[in-house]
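Enquirer: Spelled out, the chains give:
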Amino acid sequence: METRLESRVRQARVILNSNYAAAYAVRDADVDVISAYPITPQTGVVEKLSEMIAEGELDAEMIHVESEHSALSAIVGASAVGARVFTATSSQGLEYMHEVLHIASGMRLPLVMAIATRAISAPISIWNDYTDLMNVRDTSWITFVASTAQEVYDSIIEAYMVSEDPRILLPSIVAYDGFWMSHTYEPLYIPEDRESVSKMLPRRPRYTLDPDNPITMGSIVNPDWYYEIKYQQVEAMKEAYSVIREADAKIEENLGRVYKPVESYLAEDSEILVLTYGGIYGTLQTAVDLLRSEGLRVGALRLRLWRPFPARDLKTLVEDAKTLIVVDRAISYGASIEGPVALETIAALYREGLYPAIASFIAGIGGRPVSEDDFRGMVKKALELGERALKIGSIHWGVRGVEYE
Amino acid sequence: MSWRELPIGGIIIEAGNSVKRKTGDWRVLRPVIDQERCVRCYICWMYCPDGVIEIRDTPYRTKAGRIWNITFEIDYNYCKGCGICAQECPVKAIELVEEVK
Numbered sequence: 001m002e003t004r005l006e007s008r009v010r011q012a013r014v015i016l017n018s019n020y021a022a023a024y025a026v027r028d029a030d031v032d033v034i035s036a037y038p039i040t041p042q043t044g045v046v047e048k049l050s051e052m053i054a055e056g057e058l059d060a061e062m063i064h065v066e067s068e069h070s071a072l073s074a075i076v077g078a079s080a081v082g083a084r085v086f087t088a089t090s091s092q093g094l095e096y097m098h099e100v101l102h103i104a105s106g107m108r109l110p111l112v113m114a115i116a117t118r119a120i121s122a123p124i125s126i127w128n129d130y131t132d133l134m135n136v137r138d139t140s141w142i143t144f145v146a147s148t149a150q151e152v153y154d155s156i157i158e159a160y161m162v163s164e165d166p167r168i169l170l171p172s173i174v175a176y177d178g179f180w181m182s183h184t185y186e187p188l189y190i191p192e193d194r195e196s197v198s199k200m201l202p203r204r205p206r207y208t209l210d211p212d213n214p215i216t217m218g219s220i221v222n223p224d225w226y227y228e229i230k231y232q233q234v235e236a237m238k239e240a241y242s243v244i245r246e247a248d249a250k251i252e253e254n255l256g257r258v259y260k261p262v263e264s265y266l267a268e269d270s271e272i273l274v275l276t277y278g279g280i281y282g283t284l285q286t287a288v289d290l291l292r293s294e295g296l297r298v299g300a301l302r303l304r305l306w307r308p309f310p311a312r313d314l315k316t317l318v319e320d321a322k323t324l325i326v327v328d329r330a331i332s333y334g335a336s337i338e339g340p341v342a343l344e345t346i347a348a349l350y351r352e353g354l355y356p357a358i359a360s361f362i363a364g365i366g367g368r369p370v371s372e373d374d375f376r377g378m379v380k381k382a383l384e385l386g387e388r389a390l391k392i393g394s395i396h397w398g399v400r401g402v403e404y405e
Numbered sequence: 001m002s003w004r005e006l007p008i009g010g011i012i013i014e015a016g017n018s019v020k021r022k023t024g025d026w027r028v029l030r031p032v033i034d035q036e037r038c039v040r041c042y043i044c045w046m047y048c049p050d051g052v053i054e055i056r057d058t059p060y061r062t063k064a065g066r067i068w069n070i071t072f073e074i075d076y077n078y079c080k081g082c083g084i085c086a087q088e089c090p091v092k093a094i095e096l097v098e099e100v101k
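Going down the list, the protein sequences come from chains A and B.
So for the first sequence, this note's numbering puts the first residue at 1; every next one is plus one.
So for the second sequence, this note's numbering puts the first residue at 1; every next one is plus one.
Since the hints were made in silico from the structure, they are not lab data.
Here the structure is a predicted model, which is why all the values come from computation and not from measurement.
It is possible that part of the hints are untrue.
Said to hold, decoys possible - Taking lysine to any residue pairs in the SDA-like style, the calculated list, with each CA pair at most 25 Å apart, reads:
1) Lys-322/A / Thr-283/A
2) Lys-20/B / Asp-224/A
3) Lys-20/B / Leu-209/A
4) Lys-238/A / Arg-4/B
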């Protein structure tokens with residue numbers, strides 16, 4: 001992400017954690033209905049929104065529900081009657097929402113949800129990893145993964161632009177690291193005048209439930225038409241890519257910040273590229289600097305857009321590299337490559353006709369910190385293993401008692 | 001029609017168009033009302049989950065000479081043959097007949 005200080009919209013510098021950044025974006029997007037069921041580490045988002053409503057700062061309905069299943073169902077209903085809606089969750093809460101995730105996307109409702117990612121029980125862990133997010137990969141939600149509080153703010157605005165676009169009408173997730181981002185404060189810029197954000201998000205017509213013009217949503221469909229209806233989602237998700245790029249351009253034009261589906265750092269002349277996602281990108285950039293001072297031509301990539309997967313952007317960035325290291329913070333048990341983003345990356349590059357040496361690493365599970373030294377170690381291990389790295393499958397970094405020779 | 005022309009997400013934009021969807025061919029057992037035995041108690045009409053028991057203003061004269069002002073008839077276009085009417089009928093006036101033997 002690049003920031004230009006001069007932008008069309010006047011902005012104030014504030015200090016927020018990513019949870020609060022999400023809440024401010026929701027406020028500025030002038031959301032009508034919010035449902036909330038508290039779960040760590042997301043709680044701060046709906047807590048702040050609740051405060052904003054109580055203070056009269058935001059005119060929205062806050063629905064307190066008895067579970068995450070109901071939280072998502074409540075905003076499915078609200079969105080079906082035409083409201084702009086929001087909720088947030090983490091981990092078990094996202095798991096509990098699972099069937100409704102498919103219902104929301106299948107009904108083509110433009111919900112927006114923030115996810116402060118967190119490990120999954122059992123054993124119980126409130127700490128960060130991305131297994132929760134990766135588990136909802138196939139639910140047809142557009143998925144952004146932010147790496148700074150600034151990006152959380154901007155991505156939520158962008159998510160409404162894309163989800164509500166009549167060409168798309170799919171729900172969106174904006175994910176970020178639980179605790180590492182949800183509870184750490186960073187400086188960011190937010191518009192001084194909220195009207196400037198609502199101008200970026202005009203209310204657009206779509207099918208809604210209206211007693212004067214009755215329609216049926218979410219009805220039963222027999223085998224003769226079900227596939228065609230699901231295929232509409234396939235096409236909408238593909239089309240979402242270009243609509244996201246249009247939204248990136250609007251964010252740049254109005255707020256002066258430049259986003260790309262895959263961000264890069266010193267990638268142009270790199271022989272070795274390290275791809276990751278979320279808040280550890282900053283740490284990775286520092287590790288790249290350290291490795292470069294040791295004489296290694298290393299660069300960093302960050303996946304900002306998970307669904308739709310930006311295969312071509314990745315291809316362009318990886319084209320000249322010899323080695324690609326993918327660092328996941330989630331496990332797909334029993335997969336040929338257990339890192340979900342590594343698995344997807346290999347498929348994407350194969351599709352694009354690119355075959356660099358790839359190493360898949362898994363780190364940071366259950367909130368274990370990933371330091372600059374970890375990244376340095378991973379790069380060195382990948383170089384040491386060479387072609388053998390991928391034969392291993394995924395390399396589980398830092399697990400006691402596990403060694404790769 | 002292709003996926004392009006279908007309303008988004010399979011939304012049904014025409015209210016009440018389920019009348020066009022005749023579901024009677026799902027039926028395996030056909031309920032048949034014996035007008036002689038029927039006491040016009042409305043219980044089948046009340047229990048039918050599909051609302052296919054219709055009340056007709058057609059008078060009926062039994063062999064014993066009793067005259068009923070109404071007749072209950074089943075709309076076989078939509079009756080799915082669940083058999084609830086036959087189960088609930090207090091005078092066993094509804095018989096379930098196999099559609100295909």
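Enquirer: The structure should be examined with respect to each hint, and the outcome stated for every one.
Expert: Now for the hints, and whether the structure bears them out:
1. Annotation: proposed proximity of Lys-322/A to Thr-283/A holds, straight-line Cα distance about 22 Å (limit 25 Å).
2. The suggested pairing of Lys-20/B with Asp-224/A holds, with an alpha-carbon distance near 16 Å, which does not exceed 25 Å.
3. Proximity of Lys-20/B to Leu-209/A is assessed by CA-CA distance (about 22 Å); at most 25 Å being required, the pair is judged to hold.
4. For a cut-off of 25 Å, the pair hint linking Lys-238/A to Arg-4/B stands: about 15 Å separates their Cα positions.
Consistency note: the structure conflicts with none of the earlier hints.
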